[in-house]
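Asks: The residues making up each chain are set out below.
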Amino acid sequence: MPIKLTTPISEEEIRKLKVGDEVLLSGTIVTARDQAHKLMVEEKPDFIREYLKDSVIYHCGPVVKKNDDGSWEFVAAGPTTSSREEPYQADVICEYQVRGVIGKGGMGPRTAEGLKKCGAVYFHAVGGAGSLIAKKVIKVKEVFKLEEFGTPEAFWVIEVEDFPVVVTMDSHGNSLHKQILEKSEEKAKELMGLK
Amino acid sequence: MELKEAVLELIRRVATDLPPDIEEALKKAYEREDEGTPAKSVFKTILENVELARKNSTPICQDTGSLIFYIDFPVGHAEKTYREAIEWAAAEATKRQYLRPNAVDPITGKNSGNNIGKNAPYIHFHQWDKDEVRIRLMLKGGGSENVGIQYKLPDSNLKAGRDLQGVKKVIIDAAVKAQGFGCAPGTLGVGIGGDRVTSYALSKEQFFRKLNERNPNPEIAKLEEELYQELNELGIGPMGFGGKTTVLGVHIDAQHRHPATYYVSISYMCWAYRRKFLTIKDGEVTYAD
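Which chain is which? The protein sequence lines are A and B, in order.
Start counting at 1 in the first sequence, then tack on 8, and there's your number in my numbering.
Start counting at 1 in the second sequence, then tack on 1023, and there's your number in my numbering.
What the hints contain is simulated information worked out from the structure, not anything from laboratory work.
Ideal placement from N, C-alpha and C gives every residue a C-beta, glycine not left out.
Hints may be right or wrong, so weigh each one.
To be verified - Coverage of chain B stretches by chain A, computed from C-beta distances (three or more under 8 Å per stretch; other residues unrestricted):
#1 1124-1130
#2 1203-1216
What the hints assert, rightly or not - DSSO-like, lysine-lysine: derived pairs with alpha carbons at most 27 Å apart:
#3 A:Lys203 - B:Lys1267
#4 A:Lys153 - B:Lys1118
#5 B:Lys1133 - A:Lys74
#6 A:Lys46 - B:Lys1141
#7 B:Lys1182 - A:Lys186
#8 A:Lys143 - B:Lys1118
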């Protein structure tokens, strides 16, 4: 049975999670990708602080619709490749006390170290499942840097309900991505006759 | 139907509806995985998503990619007519949320907001002697594009020589390197030979082939079949969670090369394999997968 978690999430709660746990996530989270991460590390802006504390960053560049009453709606919103944020992620997690990151593909050793040190996990969502995941976004609460960064790269503060994710990197140094990579590299060597 | 309206409908179909051969392959992949594994639940989510996107006419993936058009047109037609129709259709499709605005000025970093810019959408023009127009479109996401890779044989690290065995080695290497970046299970398009540009072009055009369509050259067809089997033994699985399906297919083609060069270019298409085409004959528009 999936574990249900709602933001804000305490450090104690997040440290209980292990690689392989399926989680249904609810509450307020924030989308951020390349330009947003660069900004958070280089300028440490305060406007996003209250939304990130004990919350979750979602690596996502959504397709968004503006309704006639001026409100926003997510039309498609799957995860983007996380590894591009590898140079920034650990610093962002510790600076803003973030408890989790949702993305796809997993992240590297610097992030793994940050998860351990500051108490956070990496959640994997299904890449490409844009229409389905958008249905889990029940409200768009706020948007920052829309004009400057454009729709895919803005900070979208959203409320999600039962967003399905799997823990693939935990706060104890385990990474499913590292395991699969090592195994597949071994198999590849065998197939190439290099072993 | 007006040309621009026909192109808009093509964009809508490509962004929101997978070709039947791809959907069928994903269903078979779902059947193959063991109960209770993350791989099984990933395929379930993927299939639910495909159905929902089709039903609601919303994008399958939020990364609606770059628009890459291939147009074959009869003698006497002006390229400008097609470019204008495509630009109108791309902007309109963005307004209707079939597309995410994905055209960014590399110098200023500014998103144009409507998928139009210098060389965007990309259009490959080709004049032919038929009296009909064929417009093919693929939408290719950024994650899958980033894992495209070009090898120059021989490659001493991989002990890959200038022959089909060498080609096979670099394709295996590319599949391993793509994990975590392109959304598996993917399809590989491979171009052997040509110069650097035409090699990549050949690799990408393979994505217009149907999954079960083998290269007419029996040696290449054999390599495609072997690689399909062996890459699925890598155990990378959907989304890199481990599993039995790492690729849906491998499409290879070859072209003549300079004696001094031997390029192998590999393009990756994610599971959200979006391609379709339309034909216009005597004013009638027909859509096909």
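Asks: Would you mind marking each hint as holding or not holding in the structure?
Replies: For each hint, the structure was consulted:
1. With 3 residues having a Cβ less than 8 Å from any Cβ of chain A, the segment 1124-1130 of chain B passes the three-residue criterion, so the hint holds.
2. A count of 3 residues in the segment 1203-1216 of chain B with a Cβ less than 8 Å from any Cβ of chain A is obtained; the coverage claim is therefore met, three being the minimum.
3. With a CA separation close to 23 Å, the supplied pair Lys203 (chain A) and Lys1267 (chain B) stays within the 27 Å bound.
4. Restraint check for Lys153 (chain A) and Lys1118 (chain B): the C-alpha separation of about 20 Å stays at or below 27 Å, so the hint holds.
5. Straight-line distance between C-alpha atoms of Lys1133 (chain B) and Lys74 (chain A) comes to about 20 Å, which keeps the hinted pair within the 27 Å bound.
6. Note on Lys46 (chain A) and Lys1141 (chain B): the hinted pairing holds, with a Cα-Cα distance of about 26 Å set against a maximum of 27 Å.
7. Distance hint between Lys1182 (chain B) and Lys186 (chain A) is fulfilled; the C-alpha atoms sit about 25 Å from each other, no more than 27 Å.
8. Simply put, Lys143 (chain A) and Lys1118 (chain B) have alpha-carbon atoms about 20 Å apart, close enough for the 27 Å limit, and the pair holds.
Consistency with the previously given hints is maintained throughout, with no hint failing.
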